[in-house]
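Asks: So the sequences go chain by chain: S and W. First residue of the first sequence? That's 22 in the numbering used here, and the numbers climb one at a time after it. First residue of the second sequence? That's 22 in the numbering used here, and the numbers climb one at a time after it.
Watch out, some of these pointers could steer you wrong.
One copy or any two copies: either way a pair holds, since identical chains are not told apart in the list.
[To be verified] The list that follows gives simulated cross-link-like pairs (lysine-lysine, DSS-like), each with its CA atoms no further than 30 Å apart:
1) K179 with K63
2) K205 with K105
3) K196 with K125
4) K23 with K197
5) K196 with K128
6) K63 with K205
7) K205 with K128
8) K179 with K196
9) K128 with K197
10) K197 with K105
Honestly, the hints are just simulated from the structure, not real lab data.
Protein chains: 2
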Amino acid sequence: MKKILVIEDEPAMRANLSDILEMENFQPLLAANGREGIAVAKQALPDLILCDVLMPELDGRSVLAALRADAATARIPFVFLTAKGEPADVRTGMNLGADDYLVKPVKVDDLLDAIAARLERAQQQAGRKVDFSSAAPLQALGLSSREAEILLWVAQGKTNFETGAILNICAGTVKKHLENIYAKLGVEGRNSASLRAIEILTSS
Amino acid sequence: MKKILVIEDEPAMRANLSDILEMENFQPLLAANGREGIAVAKQALPDLILCDVLMPELDGRSVLAALRADAATARIPFVFLTAKGEPADVRTGMNLGADDYLVKPVKVDDLLDAIAARLERAQQQAGRKVDFSSAAPLQALGLSSREAEILLWVAQGKTNFETGAILNICAGTVKKHLENIYAKLGVEGRNSASLRAIEILTSS
DNA sequence: AATACAATACGCCCTTCGGCGTATTGCCGG
DNA sequence: CCGGCAATACGCCGAAGGGCGTATTGTATT
Chain S
22 MKKILVIEDE PAMRANLSDI LEMENFQPLL AANGREGIAV AKQALPDLIL CDVLMPELDG
82 RSVLAALRAD AATARIPFVF LTAKGEPADV RTGMNLGADD YLVKPVKVDD LLDAIAARLE
142 RAQQQAGRKV DFSSAAPLQA LGLSSREAEI LLWVAQGKTN FETGAILNIC AGTVKKHLEN
202 IYAKLGVEGR NSASLRAIEI LTSS
Chain W
22 MKKILVIEDE PAMRANLSDI LEMENFQPLL AANGREGIAV AKQALPDLIL CDVLMPELDG
82 RSVLAALRAD AATARIPFVF LTAKGEPADV RTGMNLGADD YLVKPVKVDD LLDAIAARLE
142 RAQQQAGRKV DFSSAAPLQA LGLSSREAEI LLWVAQGKTN FETGAILNIC AGTVKKHLEN
202 IYAKLGVEGR NSASLRAIEI LTSS
């Protein structure tokens, strides 16, 4: 069951949202202000966060900034809630890195659709694989294009000999390049180098 | 340099956006309709897509759906552009999985801020790391708990000896377990086994 | 023209890995 | 009580990896 954190200072609004979420088979987590919200988010790692902009203690923007600063919570979809009439905060909110922005009074359908869309989008972002289709990204590590190619294959578990066969060079040359690669990456051995490569290639 | 694909049928608007992007040191890619846009997106894999909603050939919603359906383009930040006055498509667009929605006439600053925010958010989503904190997920591969522990360390580039030191067993025993692990995973060598482990540990 | 660097290749030597065999201990279920 | 299995340990041997040195070629930069 998806956990959804609601950070909202008005008790009535909070209870209302909680009810709606529960009815849709979400597990609502509640926080009455920003500081509390951050604490709950870091501890419970919800699947999505609904957060009011105007709050005592810590406003929504600060909450967003705090959560984005922590790697554990940075990827959680974050949706702002705001009362109509406030200046065009929609753009401000989105520019801070929010994922959606709902204006109160929120229609129930709009709320649920927005939640569904954001959860689905997060799902897309999640199921990621390593992309071994191009060596180019590895050059960001300071490698020459040839070195990047070699690391690309080594990271896939190829031996020096196999890599040499693929690139039409001899195994010793692959080894020589690897020496340079290890030096440039500041690592020891192909395993560590592969880990670095995979980190880069996992962005795809 | 970040590539930004502009899918927009009005030539003047397109040229205008292109100029703005170029001025900000982005590399603009241009498409005059939806079908063209999809083709360019799949071929060039831009870092972000700006797409008008109303277009001949294929409207923005169809473009978004098509790109989201393809794994190669599904994660690219997608921003809708729409002329003011059209029904509240903002919500419709966002609910389809768009990442932002700008209403024309767009202020240059709003455009650039939105682009910056979406690129940064994509960056956050990208830099995903492998979670080596628990061996439990590896048991899903059919490994015993001890084998999972061993693979956990080997996947981090530890040698048999180092792994043995960590687990207080001798290197030979680690090797023996690895033989069983390789057999169970149907792989040859620690590199391939590590790849399998990382795949599992990355989904977390 | 001189210099620098990437890419290629070869050799020596030691360490680590991987496959195979063997063996002991302890626990769980029939 | 006994068979099966996980976990532990040791040894042998060939293959692969890694450190270090050397050398040639081509291209690009000065």
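Asks: Of the numbered hints stated previously, which ones are contradicted by the structure, given in increasing order?
Replies: 2, 3, 4, 5, 6, 7, 9, 10
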